[in-house]
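Peer 1: Chains as they are written, first to last, in UniProt numbering: chain A, 1 to 435; chain B, 1 to 435; chain C, 1 to 435; chain D, 1 to 435.
Simulated from the structure, these hints should not be mistaken for laboratory data.
Treat the numbers as computed from the prediction; the structure is a model and nothing was measured.
Each residue gets a CB set at the ideal place from its N, CA and C atoms; glycine is no exception.
Among these hints, one or two may not hold up.
Label-pair ranges, simulated between beta-carbon atoms [claimed, not checked]:
id : chain 1 : residue 1 : chain 2 : residue 2 : range
1  : C       : 266       : D       : 53        : 53 to 59 angstroms
2  : D       : 266       : A       : 328       : 27 to 33 angstroms
3  : B       : 60        : D       : 289       : 23 to 29 angstroms
4  : D       : 353       : A       : 300       : 36 to 42 angstroms
Protein chains: 4
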Amino acid sequence: MNDNLKQQLIAWRRDFHRHPEQGFLEMRTASRIAAELHQLGYALRLGREVMREDAIMGKPDAATTAAHAEWALANGAQPEFFAHFKDGFTAVVAELDTGKSGPTTAFRVDMDALPILESSEAAHRPQQLGFRSIKEGSMHACAHDGHSAMGLALAHLIMQNKDRLCGKLRLIFQPAEEGVRGAKSMVEAGVVDDADYFIAVHLGTGVAHRHFVAASSGFLATSKLDVQFKGVAAHAGAAPQEGKNALLAAATAALNLHAISRHSAGASRINVGELHAGNGRNIIANHASLKIETRGADAEVNDYVEAQARRIIAAAADMYALEYDIRLVGSSIHCQPSPALAKRLAALATQSPHFSHVIEEESSSLGSEDAAYFVQRVQDRGGEASYCIVGTELAAGHHHERFDIHEDSLIAGVDILFRAACDINALKYSTLTSK
Amino acid sequence: MNDNLKQQLIAWRRDFHRHPEQGFLEMRTASRIAAELHQLGYALRLGREVMREDAIMGKPDAATTAAHAEWALANGAQPEFFAHFKDGFTAVVAELDTGKSGPTTAFRVDMDALPILESSEAAHRPQQLGFRSIKEGSMHACAHDGHSAMGLALAHLIMQNKDRLCGKLRLIFQPAEEGVRGAKSMVEAGVVDDADYFIAVHLGTGVAHRHFVAASSGFLATSKLDVQFKGVAAHAGAAPQEGKNALLAAATAALNLHAISRHSAGASRINVGELHAGNGRNIIANHASLKIETRGADAEVNDYVEAQARRIIAAAADMYALEYDIRLVGSSIHCQPSPALAKRLAALATQSPHFSHVIEEESSSLGSEDAAYFVQRVQDRGGEASYCIVGTELAAGHHHERFDIHEDSLIAGVDILFRAACDINALKYSTLTSK
Amino acid sequence: MNDNLKQQLIAWRRDFHRHPEQGFLEMRTASRIAAELHQLGYALRLGREVMREDAIMGKPDAATTAAHAEWALANGAQPEFFAHFKDGFTAVVAELDTGKSGPTTAFRVDMDALPILESSEAAHRPQQLGFRSIKEGSMHACAHDGHSAMGLALAHLIMQNKDRLCGKLRLIFQPAEEGVRGAKSMVEAGVVDDADYFIAVHLGTGVAHRHFVAASSGFLATSKLDVQFKGVAAHAGAAPQEGKNALLAAATAALNLHAISRHSAGASRINVGELHAGNGRNIIANHASLKIETRGADAEVNDYVEAQARRIIAAAADMYALEYDIRLVGSSIHCQPSPALAKRLAALATQSPHFSHVIEEESSSLGSEDAAYFVQRVQDRGGEASYCIVGTELAAGHHHERFDIHEDSLIAGVDILFRAACDINALKYSTLTSK
Amino acid sequence: MNDNLKQQLIAWRRDFHRHPEQGFLEMRTASRIAAELHQLGYALRLGREVMREDAIMGKPDAATTAAHAEWALANGAQPEFFAHFKDGFTAVVAELDTGKSGPTTAFRVDMDALPILESSEAAHRPQQLGFRSIKEGSMHACAHDGHSAMGLALAHLIMQNKDRLCGKLRLIFQPAEEGVRGAKSMVEAGVVDDADYFIAVHLGTGVAHRHFVAASSGFLATSKLDVQFKGVAAHAGAAPQEGKNALLAAATAALNLHAISRHSAGASRINVGELHAGNGRNIIANHASLKIETRGADAEVNDYVEAQARRIIAAAADMYALEYDIRLVGSSIHCQPSPALAKRLAALATQSPHFSHVIEEESSSLGSEDAAYFVQRVQDRGGEASYCIVGTELAAGHHHERFDIHEDSLIAGVDILFRAACDINALKYSTLTSK
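Chain A with its partners taken away, still in its complex shape (with noise of 0.2 angstroms):
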């Protein structure tokens, strides 16, 4: 990687932190993509192209959708490709045919930000060297920004070598990965049907800094449900009779949520994240709302609990005889990283200077990602999938209002994606540099 391209790829990144974009939302981060996929020579897939509509999760609502469109347009949104996205379908999907017959390989990173305030302390680089988020209330704390700027640069370094390469490789770049939004509508558009390789990348998640992790496993299978009860409501002192309560129907179900059995096949977690009810001391509280998620070391242990889940919120809203609504916004599945290809992964890694530390597998079991949705697609039908982690050191966790990366692991990131290209697509590998 020569110096300008890692000046750029730092640029980017700095350029998508101050730009933040939540899930679904990411029109001015997937419209700069493509205009520079496209100006690089890729094919791309766009939008609707690549998502299929009845698979996407927890997506916003209409005037929230076009109320940040607008935002988008007045910050920087590339207007040639902006109608693809402009109603939150947001995937990019670039690819390179060399044309000679080999491997298709598909890459994935991922777009968006999150719902916090980031912080402006002077001693906060982001605030320091002036690319702190100008969209309060929304930042990049979890790397996602960085994410997809390797992608870029990744991009960049195959496309000048594309004559060394055989068979197709192609860039995935997801939204809504925050929430385990997003995947899943793009396996289901079939972008990997046809992978023999898949690799997903994240920065930090507790790594540290110039460690690789060839394949990260553990992640939990998870379902996110949001819940609405509607009731009617009374005067508390007047006619409390009269109201159906809705507050405590919500009551119920989080006591009851929280203490859905335990299983014997493997971990598992239910939380209510948020509950909120009512709108005044003296009525009988008629909506609640809740925000749930289950989680389970397998598909069958996830199931239960969600299985379990939706009956006790619809008994709790019979108690009360009241409406209610359950809505899936999210979920992931759990995945076993292929261990041929974190072998490989492994092996490469240690060749490249960038690392000091390497690890074939870990299972952290921090949490859920939808990559393993790719995962487990790419497996199904054939192929070798892994999710590695790129270390990184952070100025504070991941989701914390002062979260910030050291930008060296993103050129370690795109060095370990290119050598996987290489090693997997190279016609001649030896001839190849990622200088």
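For chain A, the structure is supplied; the task is to place chains B, C and D on it using the hints.
Peer 2: Here is chains B, C and D on its own, set in the frame of chain A:
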């Protein structure tokens, strides 16, 4: 009342006290009452003749009934009437038709005992005088022994004076007042449909000795519910997820039942008095049972609470995928004594040497009484009805293991009832005596 | 009342309606009232002079108060009196001392608005006639705008007729009746300690247009509690055991609060009207807040419910090892209007051409009113007090976004209050007029 | 093993099966075992000598113990040893000190039965062959009858071969394994403090007939808690506010106990297996009892769950102003068998004609076993320990009323234990025989 009848009155009370029989098991009591009334010349209707079977609530099961029948026969039940009662249909209605035109007046007493182990302390008078319960675990701790004895003494006085009376005089001996289980079946069988006057009587209930309350109002409408939850057991360590937890459903139901809203139309009550669940520390509980009662100032309020309760129970079962069963095992209603009859009874009591203080109407609000079904039916058909209290001195509160009455109050009770009979059904009142 | 004053009355009401100020923020309202009364010649006591600070409940925080002060100044507050009110002490007491011996009579009206977004439908009269609230989210939806206007008109009539009156006449403009927050601080400051008569007035509350209720009883004693639970956040997937779950504590509290026992001494109420907990689906919720109210037929019952509530809240916090805070943000008591004064007011209303139907006393049981503190204080010190209702025609119920009154009822209200002033404080009643 | 000993082995097992004694009541069993071992020449330590009293958990009360002592004496207890056991201290430790230097090896079996009514169906073999339980409601449904019999047969073989053995051989007969109540008191009394090797054995537990598991791991750490809540009764109609409701506290505790958070360090369990509250439908329940167990993959996890449980119980009591009591009535820990000993036992089993399939280590995760206390103590002091499973054919699952074993497995069990004794303590292994 002559001394002989007074002695008999006391003797009957002690005999009933010594042989307490719980609701729908009053076989010995009813058979002895029937024999006595038959001998006096009353026309009798017994058992099923005066009880509508589908309106009976909370009847013991066949095995319990059969076991008690054996005990009753072995302990003094009158064989000639026993067949009417042995299956647990233990009501007695006796009537004197004077053959002369005049009003129909019905008097109601109750016969059943409570599931209480009677005190065997030396200071407890029944123990001292040798009439403590011989049936361990059953006890007349609510004075129904006295009520039944009063009914027999009243029957004697009426029959002694039958030539001076007109119309019809009816004596109703009701089973299973405890738990408000027995009255409805008699009312539904029509035993007061043609009554012009109805008077029920209770001893004690907080009214002082030699005091008389002509009309006690304020009984709460009530429903008694027995609930069963049936789930699936599972080993709590090895496979907790295979269980369907009846204990948690019962706990959820209990909390939400007590959280049923107050009603602006008047007083309400809800109580889960008993909850039993599970049979092993390391087993997911597969069954649970609850004993519940609802109350309300009137039918509207009680119906509201009961309807909520039924919905909550059903939903708690659904929440844990259980089967459930709700049985109505008792119920009563609110009633309002007839003011004219109350005034008349109060006037009579003022003339009685047995009372030093007379109250026309008092709202005690202490609980529920299924005499209310009789009261309302008589009023609905144009008659007058009242529920009156004869004060007494209590050794300990109602339902206490050392409960005992002052037996002089029995005489006072018979006196006022007979005065009422005479006042209402006299051919010529001035010639009647109750000496 | 002459036509000019009638026009002013309507104009004041509409001005207040257009500029609604919530409890303890009535800076514009109070300053304009003070200016008007000052000009009329009343002796004024303002702000902290008539509010005991430690008896104030539920006062907005300093930032909110300061922000509103800016708004008030920019929207017509009278600068000469503003300093008394700008920190949120917004009470006004005006007095006419006639110099002649006679009773002290106090009239109380309230001034505060509600947190409701007023309807902007064309059919809504304030919208139509241009006096809809200019402060979005605040609205006079309980007629306090009318009460304040009536207070000013009454002040005019009294001053016009001062030569024919004796004793002292006092006008009390109370802040923060909504949430029953303001009265206690004025009573504790002694503003009615020397009053022989006290009259509070309310428009509407279900009483028909041209009807008058001389004494409204049945207000429930009440306490308003704000509760905060503070726990520890943790990632719900990675380390749920590190959290201290404030959401579950709040749910447990809510259920058990609603399960507080009924009280045999009279009606009780409990309501958790709002519950807000958590700030992320995948985070163990580290905070929760509840808005609670208790009520009782009298102080004993309300105190019972409040004591149970406080214990339940403390235990729910302990159950999850949380810190917690309970703040009393409002309270009122039960009161019983003085029968003699009620009779007197009813007689006066019968003579008024503005009323077609007069009720001496009515127990509405609709809710709570902190005028009860005034009533009880006056009675405790030997005076007579009543709370009366002037009927009106409502466009929609109290606290509704389309609430509106029939403005003729303002004139009726002023008329009856002035008749009362004359009746009580007249030198020679026959010579007084309210033309 | 000669045929005579085999017949005795079966006879012992059937005798124990016919006379089942629950935990800390094994008086007949222990006295007969002591008599047999004494006759063989073992040095005995009995009852309190090998049980530390303050480490005993869940011991029946004095009345139950005394009543059972009568039964035991009347049903074959050996009078000469009975005094050691009659107060419920029913452990037996027998030792052969060969006098020659060598390792100390301890074998542990358990003796107690379960509170289960044994099947009397004709197809149930113990019924058929006449050794069904004569103590209705108690049953050997977990093979401890077989374990005790195996212990006696092993004692015979060891004593027969004592000249060829070195070191010390110790036989531990433990009471009250059910409920994990008895082991800790023996370990705390030091009975394995000097052991170099420790082997415990169980029949069945899902392992097939003629299979052998040399080391069963995966037992969950556990705590068994009995909880009592004590409140105040009150009439639910007349004065509900006077009650302190133990039933609602228990319901609240049950729900929140089951809602205790999962732990990221490993499997956890919580179960409220029984809840009993109240004694009357119309009474506010004044007492409640719960039977609870917590479990965890290791001590950290179980300690976490138990600590939460204790806090929840205390807070639930406080919530209703109750007194409460928590008693630890059983506990065990997680253990990990020594790999070297497991390998050694597996090798020995491979040589045995009684096993067709040998597994070195298996993590069953089925539950908890207090042999773990022995295992850990021996390992903590430098020794090796294992818990092995001898497969058998079951008529029905453990704790089932038709549970029965294949008696050939008794022989297999004695064979492998004796092989271990010889392997560890042989002077010259080749000369030993167990034929």
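Peer 1: Now tell me if each hint is right for this structure.
Peer 2: The hints, checked one at a time:
no. : hint                                : in the structure
1   : C:266 <-> D:53: 53 to 59 angstroms  : holds (56 angstroms)
2   : D:266 <-> A:328: 27 to 33 angstroms : holds (29 angstroms)
3   : B:60 <-> D:289: 23 to 29 angstroms  : holds (26 angstroms)
4   : D:353 <-> A:300: 36 to 42 angstroms : holds (41 angstroms)
Going down the numbered hints, you'll see the structure goes against none, and every one checks out.
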